[in-house]
Structure formats: structure tokens, C-alpha cells
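**Q** With numbering that gives the first Met the number 0 as the guide, the letters of the sequence shown map in order to residues 0 to 249.
The hints are simulated quantities; they were obtained by calculation from the structure and are not laboratory data. For every residue, glycine included, the Cβ atom is placed at its ideal position computed from N, Cα and C. Among the hints, erroneous ones may be present.
Simulated restraints, written as ranges between beta carbons of each label pair [claimed, not checked]: (1) K117 / G61: 49 to 57 Å; (2) E198 / D237: 40 to 48 Å; (3) K166 / P202: 17 to 25 Å; (4) T208 / R229: 14 to 22 Å; (5) E236 / V76: 32 to 40 Å.
Below, a list of computed lysine-lysine pairs in the DSBU-like style, where the Cα atoms sit at most 35 Å apart [unchecked claim]: (6) K83 / K216; (7) K117 / K196; (8) K165 / K83; (9) K162 / K98; (10) K83 / K205; (11) K117 / K65; (12) K154 / K216; (13) K83 / K117; (14) K98 / K154; (15) K117 / K72; (16) K196 / K138; (17) K138 / K83; (18) K72 / K154; (19) K245 / K222; (20) K124 / K189; (21) K165 / K205; (22) K83 / K235; (23) K187 / K127; (24) K138 / K222; (25) K127 / K205; (26) K138 / K216; (27) K222 / K205; (28) K59 / K83; (29) K232 / K65; (30) K127 / K59; (31) K117 / K162; (32) K26 / K245; (33) K117 / K133.
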Amino acid sequence: MQTKGFRFILVLMFCVIGFHVIGAEAKTITLATVEWEPYYGPSLENDGFTVDLSRAAFQKAGYSLKIEYMPWKRAIVLGEQGKKYQGVFGAYYNDERNKIFVFSDTFASSGVGLFSRKGENISYKTLKDLAPYKVGVIKGYANTEAFDAADYIAKDETTDQVKNIKKLMNGRVDLIIGSPHVILYEVKSKLPEYGGKIELLNPLLKTNTLHFMISRKVSGHEKIIADFNRGLKMIKEDGTYDEIVKKHGF
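Put together the whole structure using the sequences plus the hints.
**A** Below is the structure:
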């Protein structure tokens, strides 16, 4: 009887421990994304201020957040599947994505602008003015809905912004599009030989809000988003949001 009782206790303990492990795993959100410094990236402190903010918000709601980096197009494909990754971190909103993913509230914003080689004297007022030029874009990126839909603009795709900058400087494209903060960061940190040799055109095309996206295929996707949004509101109210932004120099 004592042996049977001991075995029963062991089985009960295993079930309880197993339940807690499963519960802990269910509370971990894993998101795929591309390196997009200085907003987020593996070389930045705590993966950058946007990830740091998001982790703090998730923590308030009882979750942990894991980020894995890969090419953007792959992140979108794997995030949509909702299996290994529940979604994608760091995305601009557009209607097409909203059919596949549910968006969090915004936790940051980023401008979208055009860069040329310095001294080219390219200017524009409307998108139609860009028709004579070839613009380097990143495969799978959403820029602005108007620009992305403008089939009269010649667009040359590549997989990352460093390659895009090199194409601009080698004369393979006339302009490149992206976040000014990201493009200037890439030049400063990875392509210093091009420092002072590119310039931002005015005006900016748009300022976009940043979100993460949870696949609609993920069970409980609406709850995950609602819980995060609640946590984000809490860190804004208690001052944590401002502290993190200041700590990262933004």
C-alpha cells in the first residue's frame, strides 16, 4: 500500500509539474522579424527600445516575449503559419496584412522617405514625379499604400537595406526608400565609406506607426493582442514606457 501510495504521489506531482510547464510555454510569445536597427536588432541592448517596450508590456500581462531574426519575407511566411512563431514583430499596418494578422496597438512610429546620392538634385512633390526614376525597395516591405500601388514607378527589389544602399551608390538605382533612421544607422554602422554621400529628399512620404502582428491562425489571437494592449497602457501610465525610451536614447 505504501508503494502504491508513493507511486500515486509521484504521478500526481508529475501531472502538476507538467501542467505548470505547459502553462508557462503557452505564455511565451515567439515572433519572427528582420534586423531593423536602431529600432530593433540582436546587437542592440535588450534587442532595441521597441522590443524592450514590448517585453515590458507583455510582462505586465503575464507573458514573456521571444524574438528571432531572419529575412523579412521569411518572417512574414512563417509568422502567417502561426506554428513555430505566433506572428511578426515590427510591422506597418496595411489592409492586406490585416486579412492575415491581427495588429497590436502602436508602440512606436517611423518615417518613410526617399534617399538619393548627394548632388543628384532630385526633387518631387507627388509620386508621379518619381516616374522617371528607378527606386530600390526591400522585398516584402510595406512602405506606403500609395507608393506600393504605384505601378508607374520602376521598383528594383533586394533583401535588405545594406544591399539597397550599395545599389544606390553603385548607380544601379536612382533612389531608395525606407525609414530615415534605419538607412542612416546602416550607413553609419556598416557602410561608413558612404557617410555624407546620400541625402534625404523632402518631404517624407509618410510617418507610419509600428505594431506587431499575431496570425489569425493562432488560437486565442484576439486575447493575446488584448492582453498586450492592456499591458502597453499600463507601462505608459506608470512611466515605464518613457523610462525605456529615454534609456535607449530616443
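**Q** Which constraints among the numbered hints does this structure fail? Numbers only, ascending.
**A** Structure breaks hints 11, 13 and 30.
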